[in-house]
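There are 4 protein chains.
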Amino acid sequence: MPLVFGPTAGPRQGPDGGKFDMSRTPRTTATVSFLTETEALRGLLPPGCEPVGEPVVTVEHTQLRELAWLAGRGYSMLGVKYPVRFVGDAEQLNGTFLAVLWENMPEPILSGREEIGWAKIYCELPPPRVFEHQAHYRAVWDGHVFLNLTLEDLSPGDPPPPPPPDHAGLLHHRFLPKVSTKGETEVEQMILTPASAGAQVHYDRVLRGSGKVEFVPSRWEQLPTMFHIVNKLAALPVVEWRGGSLIDSCGASDLSDQRILTSS
Amino acid sequence: MPLVFGPTAGPRQGPDGGKFDMSRTPRTTATVSFLTETEALRGLLPPGCEPVGEPVVTVEHTQLRELAWLAGRGYSMLGVKYPVRFVGDAEQLNGTFLAVLWENMPEPILSGREEIGWAKIYCELPPPRVFEHQAHYRAVWDGHVFLNLTLEDLSPGDPPPPPPPDHAGLLHHRFLPKVSTKGETEVEQMILTPASAGAQVHYDRVLRGSGKVEFVPSRWEQLPTMFHIVNKLAALPVVEWRGGSLIDSCGASDLSDQRILTSS
Amino acid sequence: MPLVFGPTAGPRQGPDGGKFDMSRTPRTTATVSFLTETEALRGLLPPGCEPVGEPVVTVEHTQLRELAWLAGRGYSMLGVKYPVRFVGDAEQLNGTFLAVLWENMPEPILSGREEIGWAKIYCELPPPRVFEHQAHYRAVWDGHVFLNLTLEDLSPGDPPPPPPPDHAGLLHHRFLPKVSTKGETEVEQMILTPASAGAQVHYDRVLRGSGKVEFVPSRWEQLPTMFHIVNKLAALPVVEWRGGSLIDSCGASDLSDQRILTSS
Amino acid sequence: MPLVFGPTAGPRQGPDGGKFDMSRTPRTTATVSFLTETEALRGLLPPGCEPVGEPVVTVEHTQLRELAWLAGRGYSMLGVKYPVRFVGDAEQLNGTFLAVLWENMPEPILSGREEIGWAKIYCELPPPRVFEHQAHYRAVWDGHVFLNLTLEDLSPGDPPPPPPPDHAGLLHHRFLPKVSTKGETEVEQMILTPASAGAQVHYDRVLRGSGKVEFVPSRWEQLPTMFHIVNKLAALPVVEWRGGSLIDSCGASDLSDQRILTSS
Chain A
1 MPLVFGPTAG PRQGPDGGKF DMSRTPRTTA TVSFLTETEA LRGLLPPGCE PVGEPVVTVE
61 HTQLRELAWL AGRGYSMLGV KYPVRFVGDA EQLNGTFLAV LWENMPEPIL SGREEIGWAK
121 IYCELPPPRV FEHQAHYRAV WDGHVFLNLT LEDLSPGDPP PPPPPDHAGL LHHRFLPKVS
181 TKGETEVEQM ILTPASAGAQ VHYDRVLRGS GKVEFVPSRW EQLPTMFHIV NKLAALPVVE
241 WRGGSLIDSC GASDLSDQRI LTSS
Chain B
1 MPLVFGPTAG PRQGPDGGKF DMSRTPRTTA TVSFLTETEA LRGLLPPGCE PVGEPVVTVE
61 HTQLRELAWL AGRGYSMLGV KYPVRFVGDA EQLNGTFLAV LWENMPEPIL SGREEIGWAK
121 IYCELPPPRV FEHQAHYRAV WDGHVFLNLT LEDLSPGDPP PPPPPDHAGL LHHRFLPKVS
181 TKGETEVEQM ILTPASAGAQ VHYDRVLRGS GKVEFVPSRW EQLPTMFHIV NKLAALPVVE
241 WRGGSLIDSC GASDLSDQRI LTSS
Chain C
1 MPLVFGPTAG PRQGPDGGKF DMSRTPRTTA TVSFLTETEA LRGLLPPGCE PVGEPVVTVE
61 HTQLRELAWL AGRGYSMLGV KYPVRFVGDA EQLNGTFLAV LWENMPEPIL SGREEIGWAK
121 IYCELPPPRV FEHQAHYRAV WDGHVFLNLT LEDLSPGDPP PPPPPDHAGL LHHRFLPKVS
181 TKGETEVEQM ILTPASAGAQ VHYDRVLRGS GKVEFVPSRW EQLPTMFHIV NKLAALPVVE
241 WRGGSLIDSC GASDLSDQRI LTSS
Chain D
1 MPLVFGPTAG PRQGPDGGKF DMSRTPRTTA TVSFLTETEA LRGLLPPGCE PVGEPVVTVE
61 HTQLRELAWL AGRGYSMLGV KYPVRFVGDA EQLNGTFLAV LWENMPEPIL SGREEIGWAK
121 IYCELPPPRV FEHQAHYRAV WDGHVFLNLT LEDLSPGDPP PPPPPDHAGL LHHRFLPKVS
181 TKGETEVEQM ILTPASAGAQ VHYDRVLRGS GKVEFVPSRW EQLPTMFHIV NKLAALPVVE
241 WRGGSLIDSC GASDLSDQRI LTSS
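Chains as they are written, first to last, in full-length UniProt numbering: chain A, 1 to 264; chain B, 1 to 264; chain C, 1 to 264; chain D, 1 to 264.
Rather than coming from a laboratory, the hints here were simulated on the basis of the structure. Each hint should be verified, as a subset may be incorrect.
The list makes no distinction among identical chains, and a pair is therefore deemed to hold if it is satisfied within one copy or across any two copies.
Claimed, not checked - Only pairs whose alpha carbons sit at most 20 Å apart, straight line, appear in this in silico PhoX-like list of lysine-lysine:
| id | residue 1 | residue 2 |
| --- | --- | --- |
| 1 | 212 | 178 |
| 2 | 182 | 232 |
| 3 | 232 | 81 |
| 4 | 19 | 81 |
| 5 | 19 | 182 |
| 6 | 182 | 212 |
| 7 | 178 | 232 |
| 8 | 19 | 212 |
| 9 | 178 | 19 |
Working from the sequences, and respecting the hints, build out all of it.
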C-alpha cells in the first residue's frame, strides 16, 4: 500500500521491477548469546513449536550499509532469536525462531512485515560507543534506553560454522488481524527462511570474546507499544553467558526464497 | 506482530485491553484543495471505483497531540484524498478516497496498515514555519523536501459543514501480498470509515484563506520507495485553487467502527 | 565566525542588517520552583555574587514559536535560575542568576554564548507528554533522560507580578578561555539583562498548580560534557516544593539591551 | 560556560582533568578539490592574508569514530579550505586557511569555537550513500540539502605527502564580538595549528579518483544563519576539477598545540 500509484520499489523489486545485486553488500554484526531456562522460553513460542536443544538466546545487532534498494543508504537491526522445533502434521523441522526484530528505518519494517512476514518493529539504534576495548550498543525509543549490549576481550576467531544438517533455517510467526474486527485473525502462518538458500557470505573480519546484554524493565508510559516485549525479555533468567562476536562480512539474500510451512 | 509476547497495545486497545477516551484529543489541521481534471484522477482510482462529482484534490496536514494511547505523545499526518464512487455488485456509494497518508511515527503506521487497512507510509513532517502571515508546511524524507504547502490570508470562518447525506465516508484500498510469492495477493479489499460514526468534534478555532500545495518531482535516488507516488501527484494538473483552512479542534474516533465493502 | 563570508544573520540582525519585530512572538513556559538550602547554592555562585533572599530554584521549560530570525521556525529552552546579589566595588544589585540554559538548536546557542554571554548548552527537549491531567517534560542527551519535570492540578491563575523595584534583572556569568592556553581566561564578566527593558509581554493563558522536577544523577559515559552540571543540580536538597505554572504569552526582546556589570 | 559548576570535560581535558589518548582514533576522510580563480578567493580572505600559489579549494568530509572524550562516540565534519599567505609585521608564513567547518554535533562546535578559535557551525551530515561505484555525501539543514559531494573511479593510491617545508599549517580566523555592542570586536586573531605538531597518522587505506562538489544556492528562508556562506561558496568558479580521495586513517591531535599569530 498504497497500490493505486503502482508497485512500490523495495528490497525485492527495483524501480524497473528487476532484482538488486546484494552479493557485495557489507554488514557488521555484533552478537551476544546466553543460556536461559527451557521453561522460561516455553511461554515465548509460536503455534506448533516446542523447545529444542539448549535454550540459548542470541541477541544480534547488525549494521547494513550500501544497500542497492535504498540507493546506497544503510540501516541497523536488532534481533532476538532462539532454537525451536516446528511440529506440523505435514512436516517437522528444527530452526531458529526470530521472535522480534527491531529496525531503525520504517521502510524495511513495512516491506518486511507485509512481504516476508518478519516480526519487525521500530526503535532507534545509535552507532556503538567504542571505548577502552569495549563496544557498547544501545536500543532507544523516545529517549528511553531499553537495551544495553556490550562486547569486550575481542580477538580474532573463526567464522561461524555452517548450520547442522538438521537445521532448516530461520523461522517467523506471521500474523495479520482482520480489519476492524477485534481479536479475529486474517492470516497466521509459520514462515521459513531456508538455511541452505540465500547469498554466499564472505567474512572480512571475525572477532570473538565475551559479551553481555541487558533488557531494561520499562513502564507502559516509556514504551507504550512494546513494554510487554521488553519486559518479557528482561525476565528471562541468564543461566550462563555464552560469549559474543563482532563480524564484518558481505553478501546478503533478498529473502525472496522463503516459504510457508504446512501445519496440517 | 510480534505475537508471542502477547497483544500489542495501540490506538484501539490499551495496556489492559480497554479502550482509550479520545473525546478531548486536540488536533490542528491545515488543508489546501485544488481542482484537477477528471481524466488525471482516473489513473489513481482503486478497484471498483470511478470518479464522482468535481475532481477536487485535498491535501491535509494534521498535528495530533496528547494521544492517550501514546501516553500523551503526539505525531503528524499528511493525507491526499479525492471523491470517488464505489460501484460493487452488492452495494454502491459515494465517498472520499484516502489515496496515501504519510505519518512521521512508525507505530501508528504499523497499526494503521494492519488493523484498519489505511495506506500509511513514513516521512518527516517538521512543525510549520509561521512567518509574515504565512504558514509553511513541508514533507521531507532523508534530507529531501518533496512537498511544500502554504496557507495565507487567513481569517475567521465557518466550521466544515456536515457531509451531504449521500456521502458514506472515507474509503481505503487495503492490499497485502502473499508471502514471498511475487505479484500474488493475500488480501485486497475496499474499507469504509463511516462518516456518520466516530467522535463528536468540537471546533476551537476555524481560519479560512488561500493556499497552495506543490509536490516536488523526485528521482528514485532521492525517494527510493515513494518517488512514484510523489511524481504521480506532482503530475496532477491544477485547474483552480480552491482555498485553504487552518482548524483547531478536539475529539477523535479510534476508527474501530470501520467495515469492509462487499464488492460482489 | 566564520567572518570572511560577512556578518551572520541572527536574533539581533536580519539578512539586511535590520532588526526583527518580536512583539508578537508566541511562547509557552512551564515552570517549577523549589526551596533549597542557602549553603547548597553557595557553591554555585558566580564571582562577586552572594546569596540573597530565599534560596528558591526555578526550572523553566520554554517553547518558542514563529521566530522571525529563523524565518518562522521555533525551538525550546530549559533554564535553571536562582536569586543572587552582585556586590562589585562600583555597583551592587539584586537579580536572578541564569546558571545554565539548555537549548535544542545549535544556532541560538552559538549566538547566545558569543553575542550576549548566556551559559547555553545543547540537549534534546522533546514536546511534553500530556496525559491524565499531567504535563510531563524531559531533557535528553543521546538517549539518556537527565531531567523529568511534571506539572499537575493546573487551574487558571494570575500572571506573574512585576519584579520588585530592587530586582535588576537576569544575571549571566560570561567566560571565554584564551586560545590553546589551558586554564587562562580571555574574558570573564557578569552581564545584566535589565528587568525594566525588553518587550511588552501579553499573557494569553495563565495556569498555576503543583509541580516537581528531578535531575537524574548521571555518569560521564552518559553525559560526557555535562554530567558535572546535572549531578550538582541533582544534589541540591529540596526543602519544599513551591508550585508550578504553565503560561502562554507573546512578546519578546531581542536582548540587545544588555550591559556588562562593573566589578571594580 | 557554564563555569559555576566547574570546568567542562572536552577534547582537551577529561573528567579528571587529564588528557585523552587519540593515537588510535579512526577516521574516514573524503576529499574533493577544484581550481578556482585567485580573484574569486580574494573576497574570502581573513585580515592580514593574501592569496598564495594555485587557488585550489578543498572540501573535506570527515567521519570521526571512537572518540575517547565522547566516551567512544563519533561525529562528522565538513570543511572548506584554501591556501593563503599570512603577512604580519612580525611574522609571515604560508598555510591553509580553514574558512568554515560544519559539524553535526553541538558539543565539539562549542569547544572548538571557544577553546581553539575554529570557525565551526552546525549542519546535518548523513552517512554517505554508496552505490554503483559512487560515494555520495550531502550536507543538510532542516530538510534542505545545501551541498552534494561525489567520489567515483576510486582505486588504491599513495598517502598524502608531507607538507612542503614552507607550509606552516592550518590557519583560523578567530572572532568574538563584544557583548551587546553591535559591531564591536572583543577578540580578533589569526590562529595557527602547526603542521609539524600533532599526531602520528597511520594510513589504513588510501583510494584516489575523481570527484565533484556542488554548493546549492539557497535562500535566507532555507538557511537563515548561513545562506550567505553557502551562496559565496556556490559562486566560486570551477576552473578545473583536481580529483578526490577517500582515506581511512587513525591517529589525531587534541589540537592543544595551537598558537596565536603575531600580526604587529
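Hint check results:
1. Taking the closest pair of Cα atoms, residue 212 and residue 178 never come within 20 Å of each other, the shortest separation being 40 Å inside a single copy and 38 Å across copies.
2. For a Cα distance limit of 20 Å, the shortest separation of residue 182 from residue 232 qualifies neither inside one copy, at 24 Å, nor across copies, at 35 Å.
3. Taking the shortest Cα distances, residue 232 and residue 81 sit within 20 Å of each other inside one copy (14 Å), while across copies they are farther apart (41 Å).
4. Within a single copy, residue 19 and residue 81 get their C-alpha atoms no closer than 28 Å, and across copies no closer than 32 Å, so neither meets the 20 Å cut-off.
5. For the homomeric pair residue 19 and residue 182, the shortest alpha-carbon distance between copies (12 Å) is at most 20 Å, but the shortest distance inside one copy (38 Å) is not.
6. Proximity of residue 182 and residue 212 under a CA criterion of 20 Å is satisfied in neither setting, with 39 Å inside one chain copy and 40 Å between copies.
7. Neither within a single protomer nor between protomers do residue 178 and residue 232 lie at most 20 Å apart by alpha-carbon distance, with minima of 26 Å and 30 Å respectively.
8. For the identical chains of this complex, residue 19 and residue 212 are neighbours neither inside a copy (38 Å) nor across copies (29 Å), given an alpha-carbon limit of 20 Å.
9. Within a single copy, residue 178 and residue 19 get their C-alpha atoms only as close as 31 Å, which misses the 20 Å cut-off; across copies the closest is 18 Å, which meets it.
Of the numbered hints listed earlier, those contradicted by the structure are 1, 2, 4, 6, 7 and 8.
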